[in-house]
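Student: Numbered per the numbering used here, the sequence shown spans residues 621 to 711.
FYI, nobody ran anything at the bench for these hints, they're computed from the structure. Careful: at least some of the hints might be erroneous.
[Said to hold, decoys possible] So the derived label-pair ranges between C-beta atoms look like this:
hint: 1; residue 1: Ala-684; residue 2: Ala-652; range: 30 to 40 angstroms
hint: 2; residue 1: Asp-633; residue 2: Pro-683; range: 34 to 44 angstroms
hint: 3; residue 1: Glu-631; residue 2: Pro-683; range: 17 to 27 angstroms
hint: 4; residue 1: Glu-631; residue 2: Gly-687; range: 35 to 45 angstroms
hint: 5; residue 1: Ser-679; residue 2: Glu-631; range: 36 to 46 angstroms
Keep in mind that this is a model prediction, so the values were computed, not measured. Ideal Cβ positions, reconstructed from N, Cα and C, are used throughout, including at glycine.
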Amino acid sequence: MMLHGPVVVAETDPIEVASQLVAAVLDHATAAGAVTLFARPQSLDRVWVRFGFIPVPESTLPPALAGREGAGLYAWRGGSALWTLREAPRD
Numbered sequence: 621m622m623l624h625g626p627v628v629v630a631e632t633d634p635i636e637v638a639s640q641l642v643a644a645v646l647d648h649a650t651a652a653g654a655v656t657l658f659a660r661p662q663s664l665d666r667v668w669v670r671f672g673f674i675p676v677p678e679s680t681l682p683p684a685l686a687g688r689e690g691a692g693l694y695a696w697r698g699g700s701a702l703w704t705l706r707e708a709p710r711d
């Protein structure tokens, strides 16, 4: 899912507008069964961190996402920044 569009000037706090957009995307992704979401925030890092996205080291990215230009990716797993990049133990 990609959020992209024109700049909107409103009386509402821009951080709050961005937060509402990210919340809607996370709700949709969770309902669709997504386990991990990756984002490349262009700004408003505090919005992404508020929702539990954390910076992900390049070496841990899936091959399709590694080696791209930009400041790096943030990842989300279930809304908490308290998660590990290690896979869960298998039974």
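Student: Now, for every hint given, state plainly whether the structure supports it.
Tutor: Hints versus structure:
For the pair Ala-684 and Ala-652, the supplied restraint of 30 to 40 angstroms is violated, since their beta-carbon distance comes to about 19 angstroms. At about 39 angstroms, the beta-carbon gap between Asp-633 and Pro-683 stays in the expected band of 34 to 44 angstroms. Hint check: Glu-631 to Pro-683, Cβ distance near 45 angstroms, so the stated range 17 to 27 angstroms is violated. Remark: the range hint 35 to 45 angstroms for Glu-631 to Gly-687 is upheld by a beta-carbon distance near 42 angstroms.
For the hinted restraint 36 to 46 angstroms between Ser-679 and Glu-631, the CB-CB distance of approximately 44 angstroms keeps it satisfied.
Hint violations for this structure: numbers 1, 3, all remaining hints satisfied.
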